[in-house]
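Given the coordinates of chain A, work out where chain B should sit on it, guided by the hints.
Residue numbers (our numbering), protein chains in the order written: chain A, 1 to 145; chain B, 1 to 145.
Calculated from the structure, these hints are not laboratory results. Beta carbons: idealized from backbone N, C-alpha and C, even for Gly. Incorrect hints may have been included.
[Claimed, not checked] Every beta carbon over 12 Å from chain A, so not counted as near; a handful from chain B, in silico:
id, residue
1, E18
2, K19
3, S33
4, N34
5, R57
6, W60
7, E61
8, I65
9, I72
10, A109
[Claimed, not checked] Below, a sample of chain A positions facing chain B; criterion: calculated Cβ distance under 8 Å:
id, residue
11, L3
12, L51
13, I88
Listed here are the chains, written in short residue letters.
2 protein chains.
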Amino acid sequence: MNLEKPYIVSVYAVLRNEKGEFLLLRRSENSHSNPGKWDLPGGKLGRGELLKDAVVREVWEETGISIVLGEIAGYATFELPDKKVIAIIYDGGYIIADVKLSYEHVEHAWSSLENILEMDALPEHFKEFFKRFAAENKEPPELPI
Amino acid sequence: MNLEKPYIVSVYAVLRNEKGEFLLLRRSENSHSNPGKWDLPGGKLGRGELLKDAVVREVWEETGISIVLGEIAGYATFELPDKKVIAIIYDGGYIIADVKLSYEHVEHAWSSLENILEMDALPEHFKEFFKRFAAENKEPPELPI
Chain A
1 MNLEKPYIVS VYAVLRNEKG EFLLLRRSEN SHSNPGKWDL PGGKLGRGEL
51 LKDAVVREVW EETGISIVLG EIAGYATFEL PDKKVIAIIY DGGYIIADVK
101 LSYEHVEHAW SSLENILEMD ALPEHFKEFF KRFAAENKEP PELPI
Chain B
1 MNLEKPYIVS VYAVLRNEKG EFLLLRRSEN SHSNPGKWDL PGGKLGRGEL
51 LKDAVVREVW EETGISIVLG EIAGYATFEL PDKKVIAIIY DGGYIIADVK
101 LSYEHVEHAW SSLENILEMD ALPEHFKEFF KRFAAENKEP PELPI
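This is chain A alone, in the form it adopts within the complex:
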């Protein structure tokens, strides 16, 4: 095989606050890829690392938050200057915690699904993920009174 660009697997998580808003992180202007763009917490799978371990580690490194990981929420595929990425996106659950950013990000925001779909500075591959997520995610049935 002689692919023009190698594929890698990355893992990301969607985290929600008590209002159901999603956590987004804004990448540093010095970032190698997508500088200044909004991002989900996550990153590359380490060598010999399980998908679930990698996503818990990445979220912790980038937000200071220890998540209790849920199921797979969806996927995204995208191309960087030097590689192609297959991103597996997990449900990171509902959290109440302060966000402690790493050097990779400069800002965080909690954003509703409607706002996310309108955001200019969110890469198209994450928007596509959120569109599928909105279509696939049934609201829980109303609680009986």
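Here is chain B on its own, set in the frame of chain A:
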């Protein structure tokens, strides 16, 4: 999260013979999903199992062949009756070996890329993978004489 169908991760491999033809397996008519259709060797990721370990195991179970695993060759996404699948497809290298089928498949074939793109009984998601693979896969440069 309350997805209508859960997502799972599966792993598959492309194996080639000395002519550069790809190994395809035909699913049993009793298969739960895609009965009678052509398939790549591969399957579900086990709990706590690394992607690379899972694909080597699945290829061995379904073909009796021990592969030396290469890089990621691409991906496919598809929907089954009860779940959605994110498939990571590895390069399983060039092999010279007899194929010993498991109960899951009834027939095997070695097929050129051109034939694969014409096959009616190959699911569309694998055809899409092979189309991308053909576009991305540069032929090795000619050997100096």
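Status of each hint after checking the structure:
1. E18: Given a closest Cβ separation of 15 Å, the condition holds.
2. K19: 16 Å, holds
3. S33: Fine: 18 Å to the nearest Cβ keeps B:S33 off the interface.
4. N34: 20 Å, holds
5. R57: With a cut-off of 12 Å, B:R57 remains clear of chain A, as the shortest Cβ separation is near 15 Å.
6. W60: 20 Å, holds
7. E61: With a cut-off of 12 Å, B:E61 remains clear of chain A, as the shortest Cβ separation is near 21 Å.
8. I65: 17 Å, holds
9. I72: The assertion about B:I72 is violated, with a minimum of 4 Å to chain A.
10. A109: 21 Å, holds
11. L3: 5 Å, holds
12. L51: Hint holds; A:L51 Cβ to chain B Cβ min 7 Å, cut 8 Å.
13. I88: 6 Å, holds
Hint violations for this structure: number 9 only, all remaining hints satisfied.
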